[in-house]
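*Asks:* Each chain is listed here by its residues.
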Amino acid sequence: MKNIFAVAGVVIKELYRRKDFYVLFIITVVICGVMASINIFNDAHIVRYLKAISLLLIWISSLVIAITTTARQIPAERENRTLLPLLAKPLTRVELVLGKFLGCWLACGLTLVCFYVFFGLLAVSREHHWSAGGYFEAILLHWFLLGIITAMALLGSLVFAAPSSNSTICFVVVIGIMFAGRHLDQVAVTLSEPVRILVNALYYCLPHLEFYDVRDLVIHNWPPVAFQYVGLALLYAVFYMAVFLIGACLVFRRKPVN
Amino acid sequence: MTAPRPQILLLVALLVACFGLAARLGPQFQAWPGSRNTGDILNVVLGESRRLFAKSAFAEADKYYHAGYYPTMFDDNTAFQTAHMAADTGAVKSQNQGDEQGFLGQPRNWLDAFGRNFMPNRHTHLDEGGADDLGDSEDVREILPWMKLSADLDPDNVETYTVTAYWLRQRMHNVPEAEAVLHEGLRNCPESPELFFELGRLYFEYYHDRDRSRNVWEHGVRLWLKLDPQVRLGHQPIRDLVGDWVNRPTNLVPAQQANPLCMEQLCTHLSKLEEQADHLPQAIEWLAAAKKVAVQPGSIQQWMDTLNYKLGQELNPVLKPLF
Numbered sequence: 139m140k141n142i143f144a145v146a147g148v149v150i151k152e153l154y155r156r157k158d159f160y161v162l163f164i165i166t167v168v169i170c171g172v173m174a175s176i177n178i179f180n181d182a183h184i185v186r187y188l189k190a191i192s193l194l195l196i197w198i199s200s201l202v203i204a205i206t207t208t209a210r211q212i213p214a215e216r217e218n219r220t221l222l223p224l225l226a227k228p229l230t231r232v233e234l235v236l237g238k239f240l241g242c243w244l245a246c247g248l249t250l251v252c253f254y255v256f257f258g259l260l261a262v263s264r265e266h267h268w269s270a271g272g273y274f275e276a277i278l279l280h281w282f283l284l285g286i287i288t289a290m291a292l293l294g295s296l297v298f299a300a301p302s303s304n305s306t307i308c309f310v311v312v313i314g315i316m317f318a319g320r321h322l323d324q325v326a327v328t329l330s331e332p333v334r335i336l337v338n339a340l341y342y343c344l345p346h347l348e349f350y351d352v353r354d355l356v357i358h359n360w361p362p363v364a365f366q367y368v369g370l371a372l373l374y375a376v377f378y379m380a381v382f383l384i385g386a387c388l389v390f391r392r393k394p395v396n
Numbered sequence: 007m008t009a010p011r012p013q014i015l016l017l018v019a020l021l022v023a024c025f026g027l028a029a030r031l032g033p034q035f036q037a038w039p040g041s042r043n044t045g046d047i048l049n050v051v052l053g054e055s056r057r058l059f060a061k062s063a064f065a066e067a068d069k070y071y072h073a074g075y076y077p078t079m080f081d082d083n084t085a086f087q088t089a090h091m092a093a094d095t096g097a098v099k100s101q102n103q104g105d106e107q108g109f110l111g112q113p114r115n116w117l118d119a120f121g122r123n124f125m126p127n128r129h130t131h132l133d134e135g136g137a138d139d140l141g142d143s144e145d146v147r148e149i150l151p152w153m154k155l156s157a158d159l160d161p162d163n164v165e166t167y168t169v170t171a172y173w174l175r176q177r178m179h180n181v182p183e184a185e186a187v188l189h190e191g192l193r194n195c196p197e198s199p200e201l202f203f204e205l206g207r208l209y210f211e212y213y214h215d216r217d218r219s220r221n222v223w224e225h226g227v228r229l230w231l232k233l234d235p236q237v238r239l240g241h242q243p244i245r246d247l248v249g250d251w252v253n254r255p256t257n258l259v260p261a262q263q264a265n266p267l268c269m270e271q272l273c274t275h276l277s278k279l280e281e282q283a284d285h286l287p288q289a290i291e292w293l294a295a296a297k298k299v300a301v302q303p304g305s306i307q308q309w310m311d312t313l314n315y316k317l318g319q320e321l322n323p324v325l326k327p328l329f
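Going line by line, the protein sequences match chains D and V. Here the first sequence is numbered in this note's numbering, starting from 139 and rising by one per residue. Here the second sequence is numbered in this note's numbering, starting from 7 and rising by one per residue.
Hints are computed from structural coordinates only; laboratory data are not their basis. Some hints could be false.
If you want the footprint, here are the derived chain V segments under chain D, 3+ residues with CB under 8 Å [unchecked claim]:
no., region
1, 12 to 21
2, 111 to 117
3, 178 to 186
As the structure is a prediction and not an experimental result, all values here were calculated from the model. All C-beta atoms in this analysis are idealised placements derived from N, C-alpha and C, irrespective of residue type, glycine included.
Kindly generate the complete structure, drawing on both the sequences and the hints.
*Replies:* Here is the structure:
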């Protein structure tokens, strides 16, 4: 465990040395500030459009940070020729993969905390009430979603040749699942065999990332999701993280390090 | 002293040519009907495609009206053909048919059933309490940014102005802003009877100004009649025009068939106004016009019978000494 945390610590330090997070955070703040300054029929209490824009920017920023940070981890080590010396130390390949994953996931968590604190302040400044339970669930579900995506991008970084191609594929897959994942079974009904079976199989095998998108609940002040359903969703996320990480370890075991 | 290099001379010549060409083409480009230079930033960026985005903004406003409970392109949206926020104003005829409460249907499988816990899953309207059943009717303000965006993207869509003005005055009690929205609509669509109807309601219900509302509604009726190119308006008084129209056989042109509700509402409101002013014969005349386009002419006839009875009661003391 000590080795895993050591590798994770290096990844987190790398995140705050790089400028990605700061740039995305400032862009989010500036855009939200400009949108908040728009006068809509002289009504200062209109807030939901602002919450929607803010959450959309937070989602985009977090996806960019999670995918790009993870996708370059192992390829960068190989390119800089630091992978071999790293593995020469008492550090197994499995520990390296898990350390990289944990570092990226924790780094995503830290950025999420910053983003959601800003979001909470923005919402409270207009709404004058604070749905602590709803916001906590939103950040928790969002973080576990980023866990699945981080694990997927880590596996992709070992399968695909370049970080750029891995990032692009990850973005396409994530956006595709978010947009159509929930409806793949409905699409399958309209198709003929054997494509129908394939699409149906895809529906049940894909990680349903839309479970973790509770933006509409937060924006429109719906009551928080029942705790048992949140717990099940977190378990579902842990299962997919484990699947992708086992896949990454298996691929990395046979991968040449130089 | 060295001679200037030929490249510099060529560059200067090119700059002069560019300037001359720009000065020559500039005015022509400004005058070209396809130029985007005259509009705002949305017009410059999106051109005519902005009208497509205007529909999306209008649909987004309706989604906000439902606190996020709204069908996607994959769901059964027969109950959402007409935006509920527009239908609830009473100014638009609803074409919704399906089940608005449960457009999602029964859960298709365990993943679908589980996923429904993480999204809005109950039909609600913002003016009826919203998602937490605690919101007041003023929460409907949340649709306004999208309505404003929709109006900016498609200034020729009358429905956007009427719906915005209705919610502003009815729920937000922001009458000056509602009036401003309607005037902006009239600048862009000066021939719209719907906008005059909405403006008349505002004058009648909030400013209690009968004369202005009568003028505005009568102008609305004139514009609605004008939709039929065969009707010669001239300077004839509006009541004569309507009288002629009532006596003619019913033959509405497609533009009138598309919106008989507007004419019905204009006439019934004018009738109500005249009734309040104790002008019962005029009130009955307006009801006769409303009956011609009414969906339920029976109820209009009942109203007319009531007014005829009241008129008879009023005339009785005058006529009695004659017998």
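*Asks:* Run every hint past the structure and note whether it holds.
*Replies:* Hint by hint, here is what the structure shows:
1. 12 to 21: violated (count 0)
2. 111 to 117: This one holds; 3 residues, not fewer than the three required, reach chain D with a Cβ under 8 Å.
3. 178 to 186: n = 3 at 8 Å, threshold three: holds.
The structure shown violates just one earlier hint, number 1.
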